[in-house]
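First to last, the protein sequences are chains A and B. Note that numbering that gives the first Met the number 0 numbers the first sequence so that position 9 is 8, with each residue one more than the last. Note that numbering that gives the first Met the number 0 numbers the second sequence so that position 186 is 185, with each residue one more than the last.
Keep in mind that the hints were calculated from the coordinates and are not lab data. Ideal placement from N, C-alpha and C gives every residue a C-beta, glycine not left out. There's no promise every hint is true.
Here chain A is said to cover these stretches of chain B; the calculated rule only asks that three of the stretch's residues, wherever they fall, bring their Cβ under 8 Å from a Cβ of chain A [to be verified]:
1) 114-124
2) 174-181
Anything over 10 Å on all C-beta distances counts as not near chain A; from chain B, calculated [unchecked claim]:
3) Gly52
4) Ala75
5) Ala161
6) Val163
Here are the chains, one letter per residue:
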Amino acid sequence: MTTAALSPREVHRLALLLEGRCPSCAERLPGGVALEGSQCPRCDTSLRNPHGPLEDWYARRTSARMWVAVVLVGAGAFLTGMLPLVASLLVLAGLAWIRFTIIAPGTRLLSTGRRIVSQWTLRLGGGAFAAGCFIVIEALTLLSFLGMPLKAAIAAVQVAFAAWFSRRYLAWQTRREAARAGVAAWEWALVLGAAAALVLACAVLVVTLVWVKDALAAAMTAVDGGTLAK
Amino acid sequence: MIPFDAASRLLGLATASGTRAALSLLLLAAGARLGKVALPPGLGFLTHDAALGALLALSILEQATQRDDDVRKLLAVLSYGVHGLAGTLVGLAAQKSVGLEHAPPVALGAAGAALALLTQGARQRLHDALGALEHDVVSPRRWLVRLENGGVLGVAVAALLAPVVALAFVLSGAALTVAALVAARKLEGRARRPCPACGARIREEASRCPKCRAEVDPVTWRDLGWLHRAGALASSAATSLETPSR
Ligand SMILES: [Zn+2]
């Protein structure tokens, strides 16, 4: 099913539904209602999409957006491969593009609980992924000439992976939402565990830095004391 | 008695394969001097004491300089000369065996010399390229310099601060979402118009009033955009590839 076969009015209604709005009154729908295909709580319009499952339309809608990000980030990273940090910022921009054009339209369709789990799963996973990307790309700056094409390829692959994963994950979640499956306990546990691990890692880092600073200060005073005693 | 063409073909092989040209020439000349190799009359000068001495000196020099890149470059002209001479000999020797009896010996010699010089040039360039590669990639000192140039600092800081980077990403993502929510709330109030039937503030895209259920015409029309069309094309192409039977 392509949009070529649809009338402007049908495209209009489908676009509203994909935005998480009622195709008739255009008001924002409560999460999950559009995917379930029940009724608009405001105007009682049936939300069953006559053109096939809404989750398939979501997947179709996001595929080109993914390639736009991959191509732009790859080309940009190739052109700026000599400069440190720019490729990392490009990947970050690519992730932001993914967040607004792939993740947001997907989570908008989900019910509140599933939306929170999905957003935080992708956010925490994205944080760990972004930190890893940052290290890999900056390490490649060391290989000036060899690193340039390699950096572009890796930046593009990183963005492609992030987009692919987000799409697959949200396709899975939208399918489960449409099937009215609940959020599994392990999904909550995963999000809470990842959040706890992140906070713990930051705490360990801070404690370590403070300890190193104190140890250095102690060593300095010991040296000073030694020289003064002589 | 070894005929000259056989001997010089061996010489050519040896030179082309990278053996020292001067050493090969010396062996040929020594063979001729001892009466084991027949040299053509034009090359009789090679059997003289002076020529033998010069070739011996060249072989020793070549051996000694091969170890040192700088000296090798300094004596490159000499090396090209020796290879040119060896090439000339091979060219002359080829006259009988290849069936070019009528070709002038000068042309054959020149062709041989040119070929030998080209080979030598290519080998020289390969040497230099490999040397540069080793200089760039293998040398631990170059890596140390690169690391000292600040790269190691960046990578170390990035690795050390990875949890902070991740946390910053997560927090800014959450902040972005809150900002987007607030903006969406504000925008939700705009893009509205009164319902032509009951006057309730309905969306511009609405085709039905949620209050009085009157059917109205949308003021703003939605499209799925070119990105959607491109994506739909891509995915329909992908599905037709996956299921060619249908
Ligand atoms: Zn409605």
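Verification of the hints:
no. : hint    : verdict
1   : 114-124 : violated (count 0)
2   : 174-181 : holds (count 3)
3   : Gly52   : holds (49 Å)
4   : Ala75   : holds (27 Å)
5   : Ala161  : violated (4 Å)
6   : Val163  : violated (6 Å)
When each numbered hint is compared with the structure, violations occur for hints 1, 5 and 6.
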